[in-house]
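Now for the letters of each chain:
Number of protein chains: 4
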Amino acid sequence: MMTMKSHLSLMALAFALGAMPALSQTPAPKLNPPDSQADLKPVVNTGGEVMNFDWPMLKIGMAEYSEGPTGVTVIRFGRKVLGAVDVRGGGPGTVNTEYLDLFYNVPEVDSVVFSGGSWYGLESVTAVNTALKDEGTRSGHWDNIGLAVGSIIYDFGDRRLNEIYPDKKLAQAAFHAAETGVFRNGSAGAGRNTRTGYYFGCNSPSGQGGAFKQVGDIKIAAFTVVNAFGVVADRDGKVQACYGGEGWPKDLMVKDLMQNLPDSQKPGWTVPGGPKRNTTVSLIVVNQKMDPAELKRLAVQVHTSMARGIQPYATMGDGDVMYAISTAEIDAPEGMTNPQLGGIASEVMWDAILNSVPEQPTLPVVTSAPQVTEKAMKTYAGDYRFSNIVSVKVTADGGKLYAQATGERKAYNVPKDAKVELIPYKDGVFMVPGRYPTVLDFTTKGKLVMNPGPWQQTAASK
Amino acid sequence: MMTMKSHLSLMALAFALGAMPALSQTPAPKLNPPDSQADLKPVVNTGGEVMNFDWPMLKIGMAEYSEGPTGVTVIRFGRKVLGAVDVRGGGPGTVNTEYLDLFYNVPEVDSVVFSGGSWYGLESVTAVNTALKDEGTRSGHWDNIGLAVGSIIYDFGDRRLNEIYPDKKLAQAAFHAAETGVFRNGSAGAGRNTRTGYYFGCNSPSGQGGAFKQVGDIKIAAFTVVNAFGVVADRDGKVQACYGGEGWPKDLMVKDLMQNLPDSQKPGWTVPGGPKRNTTVSLIVVNQKMDPAELKRLAVQVHTSMARGIQPYATMGDGDVMYAISTAEIDAPEGMTNPQLGGIASEVMWDAILNSVPEQPTLPVVTSAPQVTEKAMKTYAGDYRFSNIVSVKVTADGGKLYAQATGERKAYNVPKDAKVELIPYKDGVFMVPGRYPTVLDFTTKGKLVMNPGPWQQTAASK
Amino acid sequence: MMTMKSHLSLMALAFALGAMPALSQTPAPKLNPPDSQADLKPVVNTGGEVMNFDWPMLKIGMAEYSEGPTGVTVIRFGRKVLGAVDVRGGGPGTVNTEYLDLFYNVPEVDSVVFSGGSWYGLESVTAVNTALKDEGTRSGHWDNIGLAVGSIIYDFGDRRLNEIYPDKKLAQAAFHAAETGVFRNGSAGAGRNTRTGYYFGCNSPSGQGGAFKQVGDIKIAAFTVVNAFGVVADRDGKVQACYGGEGWPKDLMVKDLMQNLPDSQKPGWTVPGGPKRNTTVSLIVVNQKMDPAELKRLAVQVHTSMARGIQPYATMGDGDVMYAISTAEIDAPEGMTNPQLGGIASEVMWDAILNSVPEQPTLPVVTSAPQVTEKAMKTYAGDYRFSNIVSVKVTADGGKLYAQATGERKAYNVPKDAKVELIPYKDGVFMVPGRYPTVLDFTTKGKLVMNPGPWQQTAASK
Amino acid sequence: MMTMKSHLSLMALAFALGAMPALSQTPAPKLNPPDSQADLKPVVNTGGEVMNFDWPMLKIGMAEYSEGPTGVTVIRFGRKVLGAVDVRGGGPGTVNTEYLDLFYNVPEVDSVVFSGGSWYGLESVTAVNTALKDEGTRSGHWDNIGLAVGSIIYDFGDRRLNEIYPDKKLAQAAFHAAETGVFRNGSAGAGRNTRTGYYFGCNSPSGQGGAFKQVGDIKIAAFTVVNAFGVVADRDGKVQACYGGEGWPKDLMVKDLMQNLPDSQKPGWTVPGGPKRNTTVSLIVVNQKMDPAELKRLAVQVHTSMARGIQPYATMGDGDVMYAISTAEIDAPEGMTNPQLGGIASEVMWDAILNSVPEQPTLPVVTSAPQVTEKAMKTYAGDYRFSNIVSVKVTADGGKLYAQATGERKAYNVPKDAKVELIPYKDGVFMVPGRYPTVLDFTTKGKLVMNPGPWQQTAASK
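Those sequence lines, one after another, are chains L, R, Z and X. Under numbering that gives the first Met the number 0, the first sequence has 137 at position 138, and the numbering climbs by one with no breaks. Under numbering that gives the first Met the number 0, the second sequence has 385 at position 386, and the numbering climbs by one with no breaks. Under numbering that gives the first Met the number 0, the third sequence has 236 at position 237, and the numbering climbs by one with no breaks. Under numbering that gives the first Met the number 0, the fourth sequence has 30 at position 31, and the numbering climbs by one with no breaks.
Treat the hints with caution; some may be incorrect.
One copy or two, either will do: identical chains are not told apart, so a pair holds if it fits within one copy or between any two.
When the alpha-carbon atoms are kept at most 20 Å apart in a straight line, the in silico SDA-like pairs for lysine to any residue are as follows [claimed, not checked]: (1) 168 / 36; (2) 237 / 255; (3) 58 / 45; (4) 288 / 54; (5) 212 / 48; (6) 409 / 138; (7) 212 / 258; (8) 415 / 140; (9) 212 / 254; (10) 444 / 423; (11) 415 / 138; (12) 399 / 263; (13) 288 / 105; (14) 168 / 38; (15) 237 / 361; (16) 254 / 214; (17) 418 / 398; (18) 288 / 104; (19) 409 / 140; (20) 409 / 286; (21) 237 / 252; (22) 409 / 143; (23) 40 / 428; (24) 58 / 327; (25) 168 / 35; (26) 415 / 141; (27) 212 / 263; (28) 168 / 133.
Bear in mind the hints are in silico, worked out from the structure with no lab data behind them.
The following block holds chain L by itself, in its conformation from the complex (with noise of 0.2 Å):
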């Protein structure tokens, strides 16, 4: 029997070998990804830590395409409800917000829709809004027409080397799976595959979160999923996640690197044109009733109360859009003013904030690296084939293992233009230094894994 100790023993060895498990809460994603979305196979509600809440009215489903990673969130609420919306961003997408900026004073949201695949997944919220008709919830009577509200954020690019996207299946499987009092924190759902600290080089996994909170009969929800082009911190100003730039101290505070702006950001980095590479979208729910205008200033609170916990916070790289729903289950209590529940909200939702984050992956260090046989590199050499923009081309040469990247653009730290040679790090495993070293897994016959752990990438050989 392995005693904790052992455990502990275990554990530690396998860093010092440069471990870098997979994390056990997020399943490691197929290793056949197919091109062509039709063929992608849902996976509901997994991934992230699992987090309790006790409010029936909510019911969450999650989705992903393992295989991008991508994925979906997808709110329903018991009733139609008020809805209001607060877009910040510079880059936002969106369905249907310009109704809620009506301020009508009548119940209609149905559903909260955040998804992966940038505007492409749009195509989520609107999916969530027909399986409401599809199932009989709503219908085409005027008066139960249903709505679905919802946005994006941005996870392609150089965190993957495929387009998967979030679509109608996807969206639809999260709806179905919908189920009360559960949220995942981290890589799961609409946040699976997000990035935070780009702003900085940081570029970290990030992830979603919830928080949940009541005060007396008032109970307050917050949801965010965060691919912020900024760091998240906390609340005494300490930096959650990042990887350091050489030099960086180890407890970085945020404050630090805003005011060393722009001595702080990677030198020579810029935001190369558009403005639609990062966002963070949430949504707070409150059970009291509310009329539109005093829902829409808590949506405005509590979006703006977001620039702590993030920061910086509303960039143009960003397209920031918060939802505020109340669910009218009980009536404003005596005395709690707008301010003072938009006061409680933005704590809640600065918990949420912190709860996205995810555990970070050890970056490899090599420390005494494996002998590699000739015989050995052959088997790894060969063509990879991500998807259809990205190949990786493995050659041996020399006693010495090269990779370059092929197809449209490079695969992280294995470069387009000229072939990188790959550091033997333990066996079967190499890696290619940098500010973000890349690994890559030989391990299993004929694949190539790249960035082994919750948001890695596989090839077959070709």
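Given the structure of chain L, go ahead and fit chains R, Z and X onto it with the hints provided.
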């Protein structure tokens, strides 16, 4: 010279001969309407009257589910173009319009999509966007994300006996069927099952309309799906389509309707509730370069001008949305100011509005009722199912034929709470009188066709 | 049958008899226009044609600086009322409208103010608010802060030879002169010096208009200051005021102007630059209770409907703003829907637009020119100063009289870069021909009056 | 030579003696407060602490009515500049901000004006605009219309005993006093009588703050008038100013206040009603060229970032407005992105927030109460009139001195419904204890000065 009397006789004869034909340019729906969206088959580029115009930069595709009928219209551009939006109605349905209002001077829009199906039809808009990616035109790269925007109209309710909506399959069929130089005026595409004039009880079939004008090098195209609460009027103020009530003048002038409010509205008429049952969605396209603020002003001016051709306009019962697109193919001509361009474009849009009006169905008039045998009546009797929400039970009793709606609601003039006598009208065809007479056609064995023609509803005997 | 010649003779006779009178209802400006705002004296509740209506909750005050002329119109309510706003124009001037768009269900508005003077005239709006405090109606207590909102129109430029603007003094005079039941249609208040039709080169004097209707218990009042780029049309499409160009039809139809764009615009006509030279500002008031979202819809519908009575409307060259007020004196009547109320109110607004059109000046036509002695001419010669920006130098030479503008710009048809011959027209009165002939009246010793009548400009000889 | 220790001892002694000196940098108000605005005399460029900075394009003028005290701050630009606005608060006061949201790429703004006086203070904004015309900088010509925009803060209510507001006279005094390179931090200009922390019952004197930074060729200036509902915090989360309640920690951390909501709010504390009693109004200026959409993003990012330095921020109880100005003096530097510029500017704004906090008044502490003779008390007795809304009646009875407010409301801790005993504190000075002790100073014959210091209120005996 034909006298008025002889004219009326000819009309009577026409009916005796089986007049009230399906308009030649619009296909009759199939006889077996499925309940499930899954079994529906898109029919592309059909219906209405073809309008040709010369502008290679625009490709337009239309598709319909004839069983609804309902449809979708997709306008694609040959490259990314600058877009603006102006939302005026009380119940709009929109996708990604918040982004357009950020006024970036960057051409981003790929497509503008109009759809039936109320808010469910927004799936058409997102489906076009994913189709852009699936076909490889757009990708996940940050500077090549697809952007389809669009809006919907409400085409459920009393106008039909099912709740089929345009979905991803239909929208992508329209997208792939897009071709240059062709638009279909009338009952086609997103305008397949629209109505106008409910505000005055007119309840008149409507459609989509397009118009094109070239002034020097400037090209201007206008497209509109007219499902307005108000009526359509020409430049002399003549109402273009309305089932007039008893005692209404033959040549109906919109000024008389408007000035006699509230009396000109149907006795007892009221809008029972929600703000989501009408809507006119429109698009104006120009080929000259404009900056975002200018394009927005163009959208505002043209949209506002539509209050002439549609009266009233932009009511709480509408969800009117206008898109404006600059393809930037030519520099802005010297001396053409924004208000001037807007004035010209407003007239093109008025032409489009007028082009939206389809040939109106001729009302059935019983002159000499045919004799119907009891035996024949028995063959007509049966339980006819239109969809999961409406069936009609036809019974023969004492030499008379009766009908009563079963299911959730009435079927035009066939009530739900009592049976109504069917008046023989011609062989195998009966009617229920009223301001809008309802026709029931039993001439196809085992089928009941209500209101035969472009908008007919067909049921099979259970 | 009257020949053209005899027609002209009659006109000549009319002039000989002293025609082109100042309209009786509008006072002629004083003869000594000061340059400083400080010396100006408000004239209250003058000009235009009195319209009486029965609504004690509304008090209206008007004041003008006749030297401009320019003016201000103040509508006060008997208590705080709910307000909404709809901004459509390309160059609006607004005070505190952002607050109205928060949709609070709290009656807050005390007054709506319309003013000439372009953005300088916004001082009129804030002056009314401080007057509310100074008189003790409102205070600094947090639940009793005054709220005046309002907008302005541009009445500088070619239409006058000075740049006097409505200021705090004038606005407060109007405020204190407010009385119930009286509005002045035409050239009064904020509409004292407005123009319409510059879009088509019409350049026609305009004004402010009001209209009132009671339907059952519902009271509806509409007020508008029409300084539109477009022309005013009645319900038959007839243009209400326009100096037609040569060859223009006598009965000008707006559809002909609009459909013949761009040819119907003055040759060489263009809007040189900015978006701030026209504007129609309007107010619709109802006495029924409405919630903020409903009131906004009313504002939108009525504002949009104005595109019928003013064509084109809401151009970049306008700054159109609509306010809507609910005095909440009665509950919303059973069965009156928002679109229906909006339809009725839209017609009241059209009436108000039509009421804004003042009697148009008769154009001078020279038939048999009077003989002017050289001696008389010498008495007319002189250097006449209209304001710090325009003077006119009149010289007699070789039995002819000439004029040339000095200062910053021309004076109507009297150019700045050369002298122009003055054509004798009647005793002591001359003209400069053109599409809009300019009249110069020397009949008051030491003065030059240009375009005598309600909008006349007067200079003293230096 | 005075050692640090002896210095501290002297300070301790001073406090023991009841010192509460008027801060040297801020003038005490005059002793004869008039009730009428007409008699008030502007005092220009006074108060606060001078901050110098190098940017010739900016001229800043400040003026105050010390009797309020209340004031105004005018920022002028050396030419027309591009402006953007971001309104976030629940009770904003704005002039001409609708225009800024049209996104014209035309420099139009002449001046940004901040003012006390709640919505009445908007007169300051329009007065600056008319001053621009009156001085001849701007005119009535269509391409040279002045444009002053601006916003106000609420500085009435409990904080003072009169309702004087900044008016045209005061604003034009500030306008004409504008000079380059000087801003006054603390209790000056529009920040003359601001408070922060009412949200937590802190009720702490506040002010206006400015900061300036140059990065390469980029100049960034931030100005803010902090009258926030929330508290000001530094980058370590330390609250900068708050009268702590009993048992509150000496070093107050904002995270503790926020996380302990609702308990951290004053017992029984609530916001009784309206949304108009706080507000932070701000301006960020950059010298690089930006297009309208970029400038708006800058406004949004910087405004949002203020939620760090002021917590909570953008509540319904605030009327927060941010203006952003680009003077376009230099081209946008290579590689400086909008989010990066926004990050730097956000830190400059945080500095401005911190600079707004004035030296806080020392609370009076009674150590050894002085003996007061009955005779002296009788000389203090009297009826003191602060303004038309507040008087205080002081009576001597049985060797004790009492005070009671007469007029409309209480005077700080002196109640209206009963008399309160005055505690002798030092010679001629008394106090009323409480969380915020009130000081009554009778040392000037025939006067009563309450809370002597920069915000003191003075009454003459009737």
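- Query: Taking each numbered hint in turn, which are not upheld by the structure, reported in ascending numerical order?
  - Reply: 12, 20 and 23
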